[in-house]
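A.B. asks: Which chain is which? The protein sequence lines are A, B and C, in order.
If you're matching positions, the first sequence starts at 1 in our numbering and goes up one per residue.
If you're matching positions, the second sequence starts at 1001 in our numbering and goes up one per residue.
If you're matching positions, the third sequence starts at 2001 in our numbering and goes up one per residue.
Derived from the structure by calculation, the hints contain no laboratory data.
Where hints are given, some of them may not hold.
Listed below are the simulated DMTMM-like cross-link pairs for lysine to aspartate or glutamate, each with C-alpha atoms no more than 25 Å apart in a straight line [to be verified]:
no., chain 1, residue 1, chain 2, residue 2
1, B, Lys-1128, A, Glu-89
2, B, Lys-1440, B, Asp-1528
3, B, Lys-1118, A, Glu-185
4, A, Lys-15, C, Asp-2108
5, B, Lys-1200, A, Asp-188
6, B, Lys-1200, A, Asp-223
7, B, Lys-1465, B, Glu-1135
8, B, Lys-1289, B, Glu-1240
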Amino acid sequence: MWSVRLQFLFWRLIKSVVVLLAVVVLNFTVLRLAPGDPALVLAGEQGAADAAFVDQIRADFGLDRSIPEQLGIYIRSLATFDLGLSFREQRPISQIIGERLPATLLLTLTALAVSLLIGIPLGALAARRPHRALDVALTTISTAFFAMPLFWTGLLAIILFSVWLNWLPSYGMVTVGIPAGGLAELLDVLWHLTLPALTLALFYVAIYLRVTRAAVIEVIGSDFVRTARATGLPAARIWRQHILRNALLPVITFASLQAGHLIGGSIIVETVFAWPGIGRLAFDALLQRDYNLLLSIFFASSVIVMVFNLLADSLYAFVDPRIDAGPAPA
Amino acid sequence: MFPGHWTKSFAFGLAALACASTFAYAQKSGGTLNLIVQPEPPTINVGVNRLGPASFIGSKIYEGLISFTPKLEPRPELAESWAISPDGLTYTFNLRRGVTWHDGKPFTSADALFSFQKFLPAVFFRAKLVLSEAESITAPDDYTIVFKLKAPFPGFIQIFEVTGGTIMPAHLYEGVTDYRTAPANQQFIGTGPFKVAEWKRGSYIHLVKNDAYWDKGKPYLNDLYFHVIPDANSRSIAFETGKVDVLRAGDVENFDISRLANEKGVELTEAGWEFLQPIGYLHLNNRRKPFDDVRVRQAVAYAIDRKFIIETIFGGFGREINGPFYSTKLYRDTSVETKYEFNPEKAKKLLDEAGLKPGPGGVRAEIELLPLPYGELWQRQAEYVRDALGAVGIKANIASVDVAGWFQRLTTFNYDIGHNFVYTLSDPAIGINQTYLTVKGDNAGTSGGNVQGYSNAEVDDILIKAAHQNDAESRAKLYSRFQEIVTRDVPLIWTHEMVFPTVFRNKVHNLTLTGLGTNENFADVWIDH
Amino acid sequence: MTGLLRSFVRHPSTLLGLAILLGVLAVALGADLIFPGNPFRMVARPNLPPLSPGYLLGTDMLGRDLTAAIVHGSRVTLTIAGFATVIAVVVGTAVGAIAGYYGALIDDAIMGITEFFQAIPSFLFAIVLIAIVAPSRASIIFAIAAVSWPSIARLVRAEVLSLRNRDFVRAAQVGGLSDMRILFGHIMPNAISPLLVGASVVMATSILIESGISFLGLGDRNAVSWGYLIGTGRTAVRMNWWLSAMPGLAIFLTVWSINLVGDGLSTWLDPRTKQRPRP
C-alpha cells in the first residue's frame, strides 16, 4: 500500500518538474514579447539613449543574442539556481528575492493560518443548522468581506485603526530605529503585521467558511454518518472522526490552491500597507522592465506552489484511504 | 551674477559661505530626521544614477567640487576656491585638504581626475558632452585640477555640483574597465557628511553622521532615515502621525500638501529648485501632420488654459510662463515673446486657416496624446488637455504607456502630443540647447532632447554661438533673438513653470539652504530638540 | 423554475442580493437616460463633497460629476467582467468536459495545463499580460479570462467525472449516440447548476480583479470603469474620500449581490437533489 502511495508521489514530482519547466519557458517568452527594451529604460535612467550606449547595455545583458539562445542560457543557469543579475540594480537576484520573500511569506502564511482558524470552525458551526439565523448571519457577513476590494478594506482599516484610534501602525514592517534581533524587533514586527494580515485574512475567511460549510453539510447527510448516529455513537466522536475528517479534504484542496496566491496575491496589501514584500517587488519590476527579476519571482512562486501541492497531495493520500492510484480529485 | 565677476570667485566663495553661516539662533547637534524617498531607487550611487530618488539620497553621501546658492552663485564644496582665466578658457580648482573618503583613504586630485576623465564620461551622457568641450584635464599637484577648454563656454561651471560632476573614489576602481557594471558601484563610498549605515530594501535607507567630515562640527544631525512607502495615502498619514518630518513635492498630492501645511507646527516653502528650474512641456510633434504647421501649433497654445492647469491641476503651485526660460534665468526677455492667452475662438480660426475645417461631429483632426506616466497628477493633466482640445475640434485619445514606453515613443518621434517636464538648469547651454538643436536621424537621444523634431537653422546657429560667448551683453542679445523666434514658432508649449513645495515640521531648520534645496548634502540641517 | 423562485423567496439574503443586482443592472442599462451625454466633461467646481446641490456624490479633482461617472462606469465594469466570465466559462467548460469525459492521457495532459496555470500567481500574471499587450478593454478582458478559466475547468471536469459512469450515460453509449452528443446533450445539462454557481463566482472575482488592476494604475485610461475611478481617486483618500469610497461601495454592492444570488443558486441545488439527473 505504501509503495503505491510513494509511486504516486514520485510521478507527481516528475510532473511538477515538467510543469515548472513549462512555466519558465512560457514566462520567458511572454516577457521577451513585451514591447519596450529594458536597455532603453536603463539608458533613459542614465540620462540618454545614444545608440552606442544602448548597444553596450544590450551586450552586457546578453540581449543581443537570439531568443532561443537566451532561453537556453537562462534554463541552464536556473538549473544551478543562478538567477542572474537584476537589470536595474546590478545585484544578484537571489539576494534581492532573499530580502523580500520572507516578508511576503510571513504576511500570507499568517493570513492563511488566521483564515483557516476562523473559517473552519465558523463554517462547521454554520453547517450544523443550515439556513437558520446563525448560518444566514455568518454567510452573509463573510460574503460581505469577500466582496470588498482589498485596497478599500485596507485603507479603511488604516484610517480607523491608525489615524483615528492610533492603535496600530499605518505602514511598514518595522519601526525605524529598533535594534535588530531580539524580542523588541519580534514584537515590533508582529505589531506591524496585525493590520495587513487581518485585512488579507478577512478576505479569505469567506472561502474557507463556505467550503467547510458545504463539505460538512454534504457529509452530515451521507449514509455512514446517519448510520453512525443510528448506532448511538456520541455526537462529539462522530464529529471528530467522521465529519470533520472528511470535510477537511476539500479544505485541503482549496488551501493548496491558495499557494498560487501566496506571492502574487499580496501585491495590493503590500502596496497599501507599504509591506516590503515580493508581490510589490514584482509589480515594480514589471513597470521598470526588469524582466530578469520578474521571471525569477514567477519561478520562485511556481516552486513554492509545487512544494505546497506535493505537501497537499501527501496529506490527502495519508488522510483519505480512498485515494490511491485513481485520477486525482479536482 | 555675470560671468566676468567669477574671476573674483575666491572672495565670492568665502562670502557665500559666510552668508550661509549666519543664523539668528544657535544650531543644536544631534537628532534624527525622517524623510520619504519614493520610489525606492535602484542605487544611491549618484555617479551612476542621478534621477530624483537617487540624487535625493546620494547627495548626502557624495559631493561635487561646488554647490550653488539660491541666487545660483557657486559655493565651495570639495573645491575651496577656483579661478577662471579672463579669456574663459582655463578653469583652475583648488581642492580642499584633509578630506577623507568614508573608508578612510584620503581625497586628492587623483579622484577628481578619475571622475572627470574616466568615470563620468563613461556613465553619464551629458557629462560626456560637456567634458568634450575641454581640450585637456590635468592635475598639476595633489590638490589642484585644471580644465583647458577649446573655446569659451560660460556654462561650464554648472556641471560641477554633485549630480552633474560627482567625485568618485579612484582607489575603488583600479583595473576596472566597465564602470557601469562595476561591483564597486555598490559600495557607496563618498566624502559627504553622511554615510550608509543600513539599506533595508523595501523599508528604509539609514544614513549616519560621518564623524570624519571635513567641515568640523557638521553635520548636526546624527541619523537620516529615508522611508519607503509605496502608497500616497500612507505617505500622507505618515506625515500626519509624525512618522516623517518632511514631505517633498510628489510625495503626496498638491492639495494634500496645502492641507498638511495648514496644520500646527508645519511650514511650507517653495524654495530649493532654483538650480534645477523645472518647466512643464507639451511637445508637439513637428515632424508629423498636423503639427508640422505652425498655425496648428499656435492654435493649440490658444486652446489650453494654462491658468487652469496651475490652479486646478497643480493645486496653485506653479507660475505662468510664455517662453523657454525660467523666471530666474539671467537671459529671460519677456519683451520679445509672442504671448498666447487662453482663447479658444482664436484657436478655431487658426485651425480654419490651416485648412482643418470641422468634419462630422465637429472633429477637425484626430490625434494621440502621450501622457507622462508618473502618477495621477499627470494623468489629470492629460485628461484636461484632451478636453481642451476637444472643445476646439481636435479629438485626442490618451495612449496607455508606462515609463519605458513613454520614453521610447517620445525619443523616436512616435507620438502626436507628448507630456513631459524638464529640469532646464541654470545655464541655457547645458539645459536648453539639446531641446532646440536640430536632430538628424530618428532618435532624439533623451527625453530632455529635441523630441518635437524642431529644426530652425537660425536657432541652431544662435544656440551654438551663445554657448561659447563669453561677453554677457552679446550673449543676452543672442538669447533674446532665440526667445523671439521660438515663441513665434512655438515648437512645444511651455505649460507652466513648476513649483515644487516642500512641507516640513518647524523643528527642522536649514532644509532648503542652497539652490539645490533638499538635494543638498544636509550638513547644515538641524533639529530643535 | 418555480422551485428556484420558491427557494429564493424563502431566503432573505438571496432576495436582498437579487434586489441589489437588479438595481445595478437597471442603472447600467439606463445610464444614457439618467445622465445623457459624455459623463467626463468638466462641469462644476472641483472637489465638491457629496450632497452638494446638483451633485449627489460630489465632483472630482477636475470638476467632473462623480454620480454620472459611476452610473456610466457600471456599464464598463459589467461589460468587462461579463465578457471575461463568458470567455472563461466557454473555454473552461470545453476543456473540463473533454478532460472529464475522455479521461486517461487526455485528462492528464489537460490537468497538467490547468496545474500549470495554478502554479503562476494569477493576479500577477494578469497584470503582466495587460502590461505586455498595453492596457485596453480587450486586453483586460483577455487577461482576466486567462486566469479565471482553470477554476471552471476543474469544476466541470469533476461534474463530468461523477456523471459519466451513470446508467443513463451507459444507455446512451450503447444506443450509439456520438460522444459529443452525449457529452453536451446529456451530461452537461446536469452540470449546468454548479456551473452557474461557478460562473457567478468568476463574475464577482472578475470585477474585483479589474478594480485591483485599476487601483494599481494599470487600467485602460479611456474606458472609465469603477476600478478606474478608484484608481484616479486613490491618492486623495484622505481629502476627497468620496472619490474612492463611492465607486468602492458600488463594487462592493455588486459583488456582494452576485455572491448572494450565487449562494441562493447553490442552496437550491442542495447536494441531495443534485444526485437526481434530468435525462
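A.B. asks: Are the hints correct? Go through all of them and say.
C.D. replies: Hints, one by one, checked against the model:
Straight-line distance between C-alpha atoms of B/Lys-1128 and A/Glu-89 comes to about 23 Å, which keeps the hinted pair within the 25 Å bound. In summary, the hint linking B/Lys-1440 to B/Asp-1528 is not supported, as the alpha carbons are separated by about 56 Å, beyond the 25 Å threshold. For the hint linking B/Lys-1118 to A/Glu-185, the alpha-carbon distance of about 45 Å lies beyond 25 Å, and the restraint is violated. Our distance criterion of 25 Å between C-alpha atoms is met by A/Lys-15 and C/Asp-2108, whose separation comes to about 10 Å.
Between B/Lys-1200 and A/Asp-188 the CA atoms are separated by roughly 15 Å; this keeps the pair inside 25 Å, and the hint holds. The suggested pairing of B/Lys-1200 with A/Asp-223 is violated, with an alpha-carbon distance near 58 Å, which exceeds 25 Å. Taking the CA atoms of B/Lys-1465 and B/Glu-1135, the gap is near 18 Å; set against the 25 Å cutoff, the hint holds. Restraint check for B/Lys-1289 and B/Glu-1240: not satisfied, since their Cα atoms lie roughly 49 Å apart, outside the 25 Å limit.
Violated hints, listed in ascending order, are 2, 3, 6, 8; each of the other numbered hints is respected by the structure.
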